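For the sequence shown, position 66 matches number 66 in my numbering, and the numbering has no gaps at all.
It is possible that part of the hints are untrue.
Unchecked claim - Here are the simulated BS3-like cross-link-like pairs (lysine-lysine), alpha carbons at most 30 Å apart as the crow flies:
#	residue 1	residue 2
1	Lys41	Lys51
2	Lys68	Lys41
3	Lys68	Lys51
To be verified - Label-pair ranges, simulated between beta-carbon atoms:
#	residue 1	residue 2	range
4	Ser45	Thr115	19 to 29 Å
5	Val169	Gln88	13 to 23 Å
6	Thr177	Lys68	17 to 27 Å
7	Tyr36	Ser126	27 to 37 Å
8	Ile55	Ser31	36 to 46 Å
9	Glu79	Leu167	36 to 46 Å
10	Gln171	Pro48	45 to 55 Å
11	Asp120	Ser86	20 to 30 Å
12	Ile60	Gln88	24 to 34 Å
Please keep in mind that the hints were generated in silico from the structure rather than gathered at the bench.
Just so we're clear, the structure is a prediction, and the values are computed from it rather than from any experiment.
Here a beta-carbon is modelled for each residue, glycine too, at the ideal position from N, C-alpha and C.
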Amino acid sequence: MDLEPRSKETFGLHSSHLRNFQQFSPSFSLSPVLSYTLHAKPLLSVPPEVKNDPILRSVIDSNPHLFKIVTPINVDIFECYVSLHSNQPFTLSVCEDLHYGFWSQASVCPDYPPTLDVSDQHPHQSTAEELFIYQQHDQEVALGCFSPAFGPDLLPDMYSMPVHAVLKVEQDFHLVTNHSCSEFC
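Input sequences plus hints: build the corresponding full structure.
Structure below.
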């Protein structure tokens, strides 16, 4: 095994790729990510007022097909790998979130409307753009990234944002979801 110190260039690491690990030393025996996990605080979980909200619980419990947890990680095997990790509060929080979903730390504001559909705020510019959006939607549903259609009306506490296509190089489109289209988003 080669234990000689290597330069950042050998690893292909440049300051723009290091993010918060600017002091990374290639001769250090632990990766920066592993080093971080040794002292990280547990991830925030869903606040009780959200977790115990009867309307949200009813929507989630009645429509589990809309709230799949999709990850390439085999969580059960991952749990075995981290079972002896020295920072159990952190690793247990990661495993729980991999099983049940991560809390985005979004603000829950009582002044927000119970549902919001602003999906029609961006009119499609062309037939080609509209066709692309429908095809991309079908691909995302097939990959499990988008939920299949469940009817014309949003369920309680659901918001629908506008999607549109942005032209990239060589006449290819890129799908964009506008999460800033409303004061409530």
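Now for the hints, and whether the structure bears them out:
| no. | hint | in the structure |
| --- | --- | --- |
| 1 | Lys41 / Lys51 | holds (21 Å) |
| 2 | Lys68 / Lys41 | holds (26 Å) |
| 3 | Lys68 / Lys51 | holds (17 Å) |
| 4 | Ser45 / Thr115: 19 to 29 Å | holds (25 Å) |
| 5 | Val169 / Gln88: 13 to 23 Å | violated (48 Å) |
| 6 | Thr177 / Lys68: 17 to 27 Å | holds (18 Å) |
| 7 | Tyr36 / Ser126: 27 to 37 Å | violated (46 Å) |
| 8 | Ile55 / Ser31: 36 to 46 Å | holds (43 Å) |
| 9 | Glu79 / Leu167: 36 to 46 Å | holds (44 Å) |
| 10 | Gln171 / Pro48: 45 to 55 Å | holds (50 Å) |
| 11 | Asp120 / Ser86: 20 to 30 Å | violated (52 Å) |
| 12 | Ile60 / Gln88: 24 to 34 Å | holds (28 Å) |
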